[in-house]
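J.: Spelled out from the first residue to the last, the chains are:
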Amino acid sequence: MSAVAPARPSAVRRTLTTRPTAQDVGFVAAARSAAVSTLVIMGLIGIFLLIGAWPALHSQGWHFLTTTEWLPETGTFGIASLLWGTILVGLFALCVAVPLGFGAALFISEYAPRSLKGPLVTLVDLMAAVPSIVYAMWALFFLQAHMLTIAQWLSVHFGPMLPFLRVQTPDSPSSYTSSAFIAGVAVGVVVLPTVTSIMREVFAQAPIGEREGAIALGATHCGMIRTVVIPFGRAGIVGGIMLGLGRALGETIVVYAIISPAFGLTTRPLQSGTNTIASHIASRYSESNGVALSGLLGAGLVLFLFTLVVNTLAGVVVSRSRSGASTEI
Amino acid sequence: MTLLDDSHDQTLTLPVTHDRRPGSTPATLVADGVSAWFGDHQVLEDVSLTMPARRVTALIGPSGCGKSTFLRILNRMHELVPGAALAGEVRLDGEDIYDPARRPIESRRRIGMVFQKANPFPTMSIHDNVLAGLALTGRRLRGRDADDLVEHSLRSAGLWDEVRTRLDAPGASLSGGQQQRLCIARALSVRPDVLLMDEPCSALDPTSTRRVEETIRAIAGEVTVVIVTHNMHQAHRVSDRCAFFLAAEGQPGYIVEQGETDDIFERPQDTRTADYVNGRFG
Chain A
1 MSAVAPARPS
11 AVRRTLTTRP
21 TAQDVGFVAA
31 ARSAAVSTLV
41 IMGLIGIFLL
51 IGAWPALHSQ
61 GWHFLTTTEW
71 LPETGTFGIA
81 SLLWGTILVG
91 LFALCVAVPL
101 GFGAALFISE
111 YAPRSLKGPL
121 VTLVDLMAAV
131 PSIVYAMWAL
141 FFLQAHMLTI
151 AQWLSVHFGP
161 MLPFLRVQTP
171 DSPSSYTSSA
181 FIAGVAVGVV
191 VLPTVTSIMR
201 EVFAQAPIGE
211 REGAIALGAT
221 HCGMIRTVVI
231 PFGRAGIVGG
241 IMLGLGRALG
251 ETIVVYAIIS
261 PAFGLTTRPL
271 QSGTNTIASH
281 IASRYSESNG
291 VALSGLLGAG
301 LVLFLFTLVV
311 NTLAGVVVSR
321 SRSGASTEI
Chain B
1001 MTLLDDSHDQ
1011 TLTLPVTHDR
1021 RPGSTPATLV
1031 ADGVSAWFGD
1041 HQVLEDVSLT
1051 MPARRVTALI
1061 GPSGCGKSTF
1071 LRILNRMHEL
1081 VPGAALAGEV
1091 RLDGEDIYDP
1101 ARRPIESRRR
1111 IGMVFQKANP
1121 FPTMSIHDNV
1131 LAGLALTGRR
1141 LRGRDADDLV
1151 EHSLRSAGLW
1161 DEVRTRLDAP
1171 GASLSGGQQQ
1181 RLCIARALSV
1191 RPDVLLMDEP
1201 CSALDPTSTR
1211 RVEETIRAIA
1221 GEVTVVIVTH
1231 NMHQAHRVSD
1241 RCAFFLAAEG
1251 QPGYIVEQGE
1261 TDDIFERPQD
1271 TRTADYVNGR
1281 FG
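For the record, the sequence lines run as chains A and B.
So in the working numbering, spot 90 of the first sequence is number 90, and the numbers just go up one at a time.
So in the working numbering, spot 244 of the second sequence is number 1244, and the numbers just go up one at a time.
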């Protein structure tokens, strides 16, 4: 039978089509245009900043990034000191927000009794919703007074060993006011809920199967967290830190309220006086025009790109889930 | 039932040993008058069962009759569920594992568990997965000793030949059946006295199931095994003793009948047992 069977005609591939309803088409179009518009708005902001900043960037060239002074009247201005101050404040903010956020996230996700867990999650979310100006007032009128003592203690006790903790007149409390350190601590409090919230979310997703596996092997709760929860949440920890940094770099009003503007690449963050890009723009834009305003837009462009990169990296890290190594069978 | 009584008496005559040398203890597990609740909902009522040392006891019964809850009570995993409560005693060689003076982790170190869904630590290597139990309990082995234990555990679990050339590969790179046997190796590496298995083959294909069953038979001489299974053939094949659980709708589960596996399957005393093992309900 098979010997005489005729050769099969080669199969013709069919075109598979689906015919969406008008409702589908309309809904997809609306959703797509909403999604695209966010990208367009983002792009327009970048283009606007670039166009606005062009005269300043053109006149200063690369010096815009390396000049520490801001003297638009004389034609020399750059953002080196602002960038440095921004990074300093961001780092101090992380020093506060990361350990506190990590601990708080672990407590909420792993140790808090059920009756406390919900309220704590809500509270952290509420903290993130409090406007910065409220934090700014609190930092200015309350936190700063208390941080002075700490700053002075640090400087007096560790300054002799660690040069960057020294200030010019260690005995005078006023040497410590309005510093990058105090601004950083205040910004750290502002970004704390962001960091906590992201870390808590990934910790809570650690698979129950692996948790029970560790516990059934005789692990302590702490051992289980070290073996299962933290390795699982590593991407979230890094992502949380970077998103916190992204917010800290752009934080404006809190820094503006606390610091006294100073230009120069300070190596003494406890010493009064610093400046960040965001705070500098806020303090100068109303009195600037011409090339000075263009310079501010240039500073804004740098901040825009900087935070964009940090946040994108954070997003990449967070979204890089463990799917490739999941335990799904 | 006389057999049960005999073995029960036997355990009572065993001297309470304080020799905790791994693998050397008699390791008889006795549940005595165990009831369990989740909140206000009672799921088990007055369950008493002796699981003799180094034999395989199968817990069978329809879904929702409290077998898994009972199993989790045997190594204090039950209390991890919020709102969980229990009554009665679980004695390992005469000592109540719920004694307030004992820490749960001590009991869990002696009574290992393999879960329904394989749960190796996915990013950890196969080698480290096997040693995870030691690391988690603060014991470290280095070099040759560690390698020997890994090999011995993987051989016991019937996985050695398949993974010997890739011990550094992550646990998640294995197939489902291999992952489950890795979990068995991981549980065996701490030399438990008892190994609890909660439907260990329910997510596996027939070939993997057969390998796991062979593994269970192979380790039965070393550890006491308690296995929950929905597969009657499996219960018949792997177990020495059986306990049939049942629960009426909305009522707590209880043991209808228990005894030697052959008796349960071939000469059941209770008609409900006969119906269940012959596939007439459940």
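No wet-lab data here; the hints were simulated from the structure.
Just so we're clear, the structure is a prediction, and the values are computed from it rather than from any experiment.
Be aware that a few hints might be false.
[What the hints assert, rightly or not] Covered, in the sense of this in silico footprint (three residues per stretch, anywhere, with C-beta under 8 angstroms from a C-beta of chain B), are these stretches of chain A:
{"hint": "1", "stretch": "210–221"}
{"hint": "2", "stretch": "286–292"}
[Unchecked claim] Some residues of chain B that are not near chain A, with every Cβ distance over 12 angstroms (derived):
{"hint": "3", "residue": "Arg1072"}
{"hint": "4", "residue": "Glu1106"}
{"hint": "5", "residue": "Met1113"}
{"hint": "6", "residue": "Met1124"}
{"hint": "7", "residue": "Asp1161"}
{"hint": "8", "residue": "Ala1187"}
{"hint": "9", "residue": "Asp1198"}
{"hint": "10", "residue": "Asp1240"}
{"hint": "11", "residue": "Phe1281"}
[Claimed, not checked] The calculated label-pair distances, taken between Cβ atoms and stated as ranges, are:
{"hint": "12", "chain 1": "B", "residue 1": "Asp1145", "chain 2": "A", "residue 2": "Met161", "range": "43 to 53 angstroms"}
{"hint": "13", "chain 1": "A", "residue 1": "Arg8", "chain 2": "B", "residue 2": "Asp1148", "range": "31 to 41 angstroms"}
{"hint": "14", "chain 1": "A", "residue 1": "Gly46", "chain 2": "B", "residue 2": "Asp1040", "range": "40 to 50 angstroms"}
Just so you know, even glycine gets a beta-carbon here, dropped at the ideal spot from N, CA and C.
J.: All the hints need checking, so say for each whether the structure fits it.
T.: Now the hints, each set against the structure:
1. 210–221: This one holds; 10 residues, not fewer than the three required, reach chain B with a Cβ under 8 angstroms.
2. 286–292: With 0 residues closer than 8 angstroms to chain B, the stretch 286–292 of chain A misses the three-residue bar; violated.
3. Arg1072: violated (9 angstroms)
4. Glu1106: It is violated; Glu1106(B) is separated from chain A by about 8 angstroms at its closest Cβ, not greater than 12 angstroms.
5. Met1113: violated (4 angstroms)
6. Met1124: Violated, because the least Cβ-Cβ distance between Met1124(B) and chain A comes to about 8 angstroms, which does not exceed 12 angstroms.
7. Asp1161: holds (21 angstroms)
8. Ala1187: violated (7 angstroms)
9. Asp1198: violated (10 angstroms)
10. Asp1240: At about 23 angstroms from chain A, Asp1240(B) clears the 12 angstroms cut-off, so the statement holds.
11. Phe1281: Holds, since 29 angstroms exceeds 12 angstroms.
12. Asp1145(B) / Met161(A): 43 to 53 angstroms: holds (44 angstroms)
13. Arg8(A) / Asp1148(B): 31 to 41 angstroms: violated (60 angstroms)
14. Gly46(A) / Asp1040(B): 40 to 50 angstroms: The hint (40 to 50 angstroms, Cβ to Cβ) is violated, given that Gly46(A) and Asp1040(B) are roughly 60 angstroms apart.
Hints 2, 3, 4, 5, 6, 8, 9, 13, 14 from the list above are not met by this structure, while the remaining hints are.
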